[in-house]
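One-letter residues, chain by chain:
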Amino acid sequence: MPPGGGFVLPRLDGIPKSYPALANEATAAAVARTLIETGIAKPERWAQAKGSATEFVRATLDDWLDRHGRAQVERNFYLDIALTDRADPQSWHDGEGWAGPQRLYISVDVESAGYVVFGPTLRLLEQVHPRLPATFYQGFVDSIERWVRVYDYRDGLERVEQIKEWLADEPEAEYEMPDVEKAIPACVKRRPLSDRTLCRMARQARSSKRKRLLEGLLTLMENANQAERPTADDDCEQLQDNNPAVPALLAVFERRDAIEGCFDEEAQTMLEAPPEPNVILPLNGRDTVSVASAFEKLASMTETLAAASALIELMPGNERTEGERR
Amino acid sequence: MANMTELREVVLEELGAIAEGRRESIQDQMVGRFLKWEDWQRASQAVQRGISAEERNRQPAFLSPPPGWLPPLS
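Taken in sequence, the protein lines are chains B and C.
Residue 102 in numbering that gives the first Met the number 0 sits at position 103 of the first sequence, with consecutive numbering throughout.
Residue 0 in numbering that gives the first Met the number 0 sits at position 1 of the second sequence, with consecutive numbering throughout.
These are calculated hints, taken from the structure and not from any lab test.
Just a few of them, taken from the derived set where beta-carbon distance is under 10 Å, the chain C residues facing chain B: (1) 10; (2) 11; (3) 13; (4) 14; (5) 16; (6) 19; (7) 20.
Here a beta-carbon is modelled for each residue, glycine too, at the ideal position from N, C-alpha and C.
I would like the entire structure built from these sequences, with the hints used as guidance.
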């Protein structure tokens with residue numbers, strides 16, 4: 000057909016007109032009822048929602064996050080938390096095979112990675128005990144990784160191995176290999192101290208700066224251990240084509256070190272396919288026990304990240320301009 | 000306290016009605032209103048006619064449609 004004049008129209012058939020987190024008002028209303036029955040939602044919020052159950056659920060989640068450390072979390076982490084009817088909130092379903100309000104999810108996605116520099120803190124702690132830097136690093140990263148993905152030197156080392164494999168297949172290719180091994184301080188490789196010794200050191204620390212750092216670490220570890228992150232085995236099928244979750248935090252030893260270089264390079268392809276959410280908490284929207292349990296787990300996550308965020312601000316070398324993010 | 004308990008029961012009842020399809024949600028109501036209100040429909044038609052008249056009066060620039068789009072309407 001020869002080109003003519005006038006409008007060119009995009010094809011809209013099959014494209015949904017909107018992408019609400021919950022498929023319809025009936026589902027939202029069912030969950031909203033349960034949220035009130037568990038005491039998570041406030042009935043007085045209903046008037047502000049102007050008759051929309053979807054808006055009521057969204058406002059309830061917002062209020063709840065405000066009460067569980069959101070302001071502190073958002074200073075160093077960039078998350079998108081939603082109550083949704085899909086394990087993969089980036090996807091869309093046409094209702095086929097959908098279980099209704101009985102199978103919903105709280106999903107935690109990452110908008111961009113937070114950033115923490117460890118080097119200056121580790122040097123400060125090494126003055127107290129040679130094994131304290133490894134204790135601090137491992138305690139910090141393991142606590143956060145109970146909930147969300149951290150990109151650190153181990154990912155950097157993996158990246159280097161990957162590059163070596165590629166280069167083996169293409170021996171003529173020229174590539175500047177990042178020296179991740181050299182970027183890792185020797186003190187991090189030592190054996191960490193026991194939790195008991197860490198508690199004793201926190202009590203006995205003479206410098207207030209070191210005391211606050213160790214107490215901050217203990218709070219972080221305690222919050223991280225409040226609940227178990229559920230495995231989403233049943234929902235993995237929905238996520239099999241997704242990329243791995245986007246890291247919620249980039250942990251480096253020095254600004255612009257080789258680990259950061261690896262991350263920057265890997266970040267170019269992290270969103271080539273939709274990434275998995277960092278956390279998926281399944282819940283039955285009609286069951287008060289199930290809803291309360293999912294929100295308790297979410298509390299453990301937000302309180303862990305709030306403690307991590309507060310600790311990052313105590314760590315020397317992490318002073319940065321407002322809004323800096325990876 | 001009695002008011003709060005009463006409010007809770009009222010809200011639970013309203014949400015229950017929406018969940019069970021006994022009451023229209025606000026979104027359903029908006030579409031329903033559009034279908035019922037002739038003034039609203041006439042206003043939409045006036046806007047649509049205004050856009051069409053504007054299109055007729057200007058010189059169009061021809062661009063090839065991107066792949067997957069409908070062919071141009073003459």
